[in-house]
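Student: This is what each chain is made of:
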Amino acid sequence: MRIETVWLGRGGQGIVTATYIIANAAILDGFYAMANPEFGAERRGAPVKAFLTISKEPFDDQEPVKTPDVVVVFDDKLIEPMRFAIDAAKPGGYVIVNTAKKPEEVKRLVGRNDVYLVVLDAIDIARRHVKLDVPNGPLAGAFAKVMGFPRLESIRQAFENQLGKAVEENFAATKEAYETAVVIPPERVDPTAKPRGIISTTSAFLTGPYELVGWAEVNKAGAVYPGTSLPYTTGGWRIDKPVIDHSKCIMCRKCWLYCPDDAVIEAWKEIEGPRGRKIRMKAIEFDYNYCKGCGICADVCPTGAIQMVREI
Amino acid sequence: MTAQVLAPKERKVAQRRIALTGNHAVALAVKMCRPEVIAAYPITPQTPVVERLAEYVNNGELDAEYIPVESEHSAMSAVIGASAMGARTFTETASQGLGHMYENLPIAVGLRLPIVMGMAVRTYSAPINVWGDYSDVMSMRELGWIIYLTQTAQEAFDTVIQAYRVAEDSRVHLPVVVAYDGFWTSHVLQPLEVPEDEEEVMRFAPITRSWVKLDVDRPVSIGAVGTPEWYWEIRWQAVEALRGSIKVIEEVDEEFGKVFGRSYGLAVPYRLENAELAIVTYGSIFGLVKKAVDRLRAEGVRAGALRLRVIRPWPRDLLRKLLGHVDKVVVIDRAINHGGPLYGPMAVELEATLARPVYNVLATVGMRAIDTDMIYEGALKAYRGQWVPDEVYTIGLRGGP
Numbered sequence: 001m002r003i004e005t006v007w008l009g010r011g012g013q014g015i016v017t018a019t020y021i022i023a024n025a026a027i028l029d030g031f032y033a034m035a036n037p038e039f040g041a042e043r044r045g046a047p048v049k050a051f052l053t054i055s056k057e058p059f060d061d062q063e064p065v066k067t068p069d070v071v072v073v074f075d076d077k078l079i080e081p082m083r084f085a086i087d088a089a090k091p092g093g094y095v096i097v098n099t100a101k102k103p104e105e106v107k108r109l110v111g112r113n114d115v116y117l118v119v120l121d122a123i124d125i126a127r128r129h130v131k132l133d134v135p136n137g138p139l140a141g142a143f144a145k146v147m148g149f150p151r152l153e154s155i156r157q158a159f160e161n162q163l164g165k166a167v168e169e170n171f172a173a174t175k176e177a178y179e180t181a182v183v184i185p186p187e188r189v190d191p192t193a194k195p196r197g198i199i200s201t202t203s204a205f206l207t208g209p210y211e212l213v214g215w216a217e218v219n220k221a222g223a224v225y226p227g228t229s230l231p232y233t234t235g236g237w238r239i240d241k242p243v244i245d246h247s248k249c250i251m252c253r254k255c256w257l258y259c260p261d262d263a264v265i266e267a268w269k270e271i272e273g274p275r276g277r278k279i280r281m282k283a284i285e286f287d288y289n290y291c292k293g294c295g296i297c298a299d300v301c302p303t304g305a306i307q308m309v310r311e312i
Numbered sequence: 313m314t315a316q317v318l319a320p321k322e323r324k325v326a327q328r329r330i331a332l333t334g335n336h337a338v339a340l341a342v343k344m345c346r347p348e349v350i351a352a353y354p355i356t357p358q359t360p361v362v363e364r365l366a367e368y369v370n371n372g373e374l375d376a377e378y379i380p381v382e383s384e385h386s387a388m389s390a391v392i393g394a395s396a397m398g399a400r401t402f403t404e405t406a407s408q409g410l411g412h413m414y415e416n417l418p419i420a421v422g423l424r425l426p427i428v429m430g431m432a433v434r435t436y437s438a439p440i441n442v443w444g445d446y447s448d449v450m451s452m453r454e455l456g457w458i459i460y461l462t463q464t465a466q467e468a469f470d471t472v473i474q475a476y477r478v479a480e481d482s483r484v485h486l487p488v489v490v491a492y493d494g495f496w497t498s499h500v501l502q503p504l505e506v507p508e509d510e511e512e513v514m515r516f517a518p519i520t521r522s523w524v525k526l527d528v529d530r531p532v533s534i535g536a537v538g539t540p541e542w543y544w545e546i547r548w549q550a551v552e553a554l555r556g557s558i559k560v561i562e563e564v565d566e567e568f569g570k571v572f573g574r575s576y577g578l579a580v581p582y583r584l585e586n587a588e589l590a591i592v593t594y595g596s597i598f599g600l601v602k603k604a605v606d607r608l609r610a611e612g613v614r615a616g617a618l619r620l621r622v623i624r625p626w627p628r629d630l631l632r633k634l635l636g637h638v639d640k641v642v643v644i645d646r647a648i649n650h651g652g653p654l655y656g657p658m659a660v661e662l663e664a665t666l667a668r669p670v671y672n673v674l675a676t677v678g679m680r681a682i683d684t685d686m687i688y689e690g691a692l693k694a695y696r697g698q699w700v701p702d703e704v705y706t707i708g709l710r711g712g713p
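Protein sequences appear in the order of chains Z and H. FYI, my numbering numbers position 275 of the first sequence as 275, with every residue one higher than the one before it. Here my numbering = 1-based position in the second sequence + 312.
If you're looking for bench data, these hints aren't it; they were derived computationally from the structure. Fair warning: there could be bad hints in the mix.
Result set (BS3-like, lysine-lysine): computed pairs, CA atoms no more than 27 Å apart in a straight line [claimed, not checked]:
(1) H:559 - Z:220
(2) H:525 - Z:220
(3) H:633 - H:559
(4) Z:241 - Z:107
Short, incomplete list of chain H residues facing chain Z, as computed with Cβ under 7 Å [what the hints assert, rightly or not]:
(5) 501
(6) 502
(7) 531
(8) 534
(9) 538
(10) 545
(11) 546
(12) 548
Over the 12 Å line for every Cβ pair with chain H, so calculated as not near, a few chain Z residues [claimed, not checked]:
(13) 2
(14) 16
(15) 57
(16) 67
(17) 175
(18) 176
(19) 219
(20) 224
(21) 258
(22) 292
Yeah, the Cβ is synthetic: ideal placement off N, Cα and C, and Gly gets one too.
Work the whole structure out from these sequences, hints included.
Tutor: Encoded structure:
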């Protein structure tokens, strides 16, 4: 038996820790496991990929996982950009998704009917138990549920070994996910079918919108000429998004002043006046392409006009 | 092979003969090349270079920014920054100083900056030893710098000028180190010829400013992150540039010969025709080696010698051509390749180049004195079969093999 898995998430979500926890617990259970994270720019919100391989037999190859048995997606907004990884899941394998969306909607988003789809709201569970946006414990629980290993008790011990703190809180989150994750079985599995895609060794998503060219075409000395970071939209990092109630907004612009990402904008807005007249006026809006959902605007709003609303 | 001094009629530039130590010859060459930024920290045995350059700047003979840095790490950092701004730069170090600037050395390569560095070679501590052997410069071989090893004050002077021309050539754009013996060249007063008109040097090696540089009119970021998808490709350009620089080094050396009347080649052969034994070495002891060869020849041994001058890029084809016919190749190394396949760095590289065993001999480590007789006796042992290839031998080590 050899189970190959790939875990896709964003910096700060604890993806690496999640694979360490599972590997740690699997080793306690007598398996051989390697958690092999791929590091990029060490930056919160940047996409991160980690491999986790578990086997009954000893192994020493750190083979990049090309066609995983299990794909774990930490954030439903990563489904689209990391479609290549979901396509690469083996028929009859598992796709585990953290989302607040309904299972049917997730099934449509994932777009595969030949894999087990596991859906859970890991953020909600983590927030209630750990008081942090770290979905790793719940995802570990969901993993243990569908795979049948590692044992929950081993996961608890793994939290102890790996974190050494907040063990009971994390374990409670794991346990709740273990009990509540929704599993949608595949409609049909053709055991002879090959995966539709492959995770190639160059399919790293850290590169940005560049064309991969040979050494002779690369800029001399690695020079980077003026460009723009506009294509690097950071809105995908959000878990919560700010929503404004214009009737409470007094246009003090404190949110604009404090926003670290220039994502609070003043936009012209057409509203209907008291006698049915159309009036154009300025109103606070958000640039969701770049808003990372930090919530500072909601914190500083003196009238409570801005609320943070779950997005994934 | 243009190791010999060219006929006087080809000389174009009026020169005068003066007497200088190796260090002061290097300082003079640097002054004539008009670097715009000099940052260096004094360390024995190169201190007189740094002092003399500071004097030149202070008395107005050289219009350069002289940065009296607090360490070699800062010296290399400062010249990297200045070179990235498009300035012609110079620094110099040796031994522990090189070790201290080490982390910046590969950065100069990756940024493709044409920095020229002098090095009055000195061994590494401990025990503390300020004297000359080639341990320091040999530890730079893997970095991507162009490495010249020179024999005399004259050659160090000439090579500094060549180095600027090579480094700033748009086919190269790599840093260059010009090494010469600590003390045995750096502090030995010797005759040398220098151009009467310093402008000749700038005519030969004008500042090209053709490298990638920071420019307010054409903004650019250099030294940005190179993720695994990009790093290798960017570094490979430096690999290819170093490989290709061998042609430029030869071209520049030949043209230098036409203008100034002296050229050296990539390696300097001596009496190698029909030789059955060759002594290969580098640096100031080549004069002794040549005397030993003459003595061996006089006694009927068909001996020759070869001095390594450019070791990065490694002139593989030339060395095969020059040494291919020689039965016994005795490599006298002046640095220890600790625990290596052979205990001399150049012995390892020559064995790989010639694809056959060479005689591995260590000498002058920590500047242990050597004379012609000692070299002669060593060569004779190899010739008579008392020494065998691939074993480590020493010249001058008490109780040594």
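Student: Verify that the Cβ of residue 258 of chain Z lies farther than 12 Å from every Cβ atom of chain H, and report whether the claim holds or is violated.
Tutor: holds (29 Å)
Student: Is the interface hint for residue 534 of chain H satisfied, with its Cβ closer than 7 Å to some Cβ of chain Z?
Tutor: holds (5 Å)
Student: Could you let me know if the closest chain H CB is still more than 12 Å away from the CB of residue 16 of chain Z?
Tutor: Non-interface label stands for residue 16 of chain Z: nearest chain H Cβ at 17 Å, farther than 12 Å.
Student: Just double-check residue 219 of chain Z for me: nearest Cβ-Cβ distance to chain H has to come out over 12 Å.
Tutor: violated (8 Å)
Student: When you check the alpha-carbon spacing of residue 525 of chain H and residue 220 of chain Z, does it fall within 27 Å?
Tutor: At roughly 11 Å apart (the allowed maximum being 27 Å), residue 220 of chain Z and residue 525 of chain H satisfy the hint.
Student: Taking the closest pair, is the beta carbon of residue 2 of chain Z still more than 12 Å from chain H?
Tutor: Holds, because the least Cβ-Cβ distance between residue 2 of chain Z and chain H comes to about 26 Å, which exceeds 12 Å.
Student: Is the hint on residue 538 of chain H kept, meaning its closest Cβ partner in chain Z is under 7 Å away?
Tutor: holds (5 Å)
Student: How about residue 546 of chain H: closest beta carbon in chain Z under 7 Å, or not?
Tutor: holds (4 Å)
Student: Are all beta-carbon distances from residue 292 of chain Z to chain H longer than 12 Å?
Tutor: holds (21 Å)
Student: Taking the minimum C-beta separation from residue 57 of chain Z to chain H, is that value above 12 Å?
Tutor: holds (30 Å)
Student: Going by Cβ atoms only, is residue 548 of chain H closer than 7 Å to chain Z?
Tutor: holds (4 Å)
Student: May I ask you to test the interface hint for residue 531 of chain H with respect to chain Z, counting a Cβ-Cβ separation under 7 Å as satisfied?
Tutor: holds (5 Å)
Going down the numbered hints, you'll see the structure goes against 5, 6, 19, 20, while the others check out.
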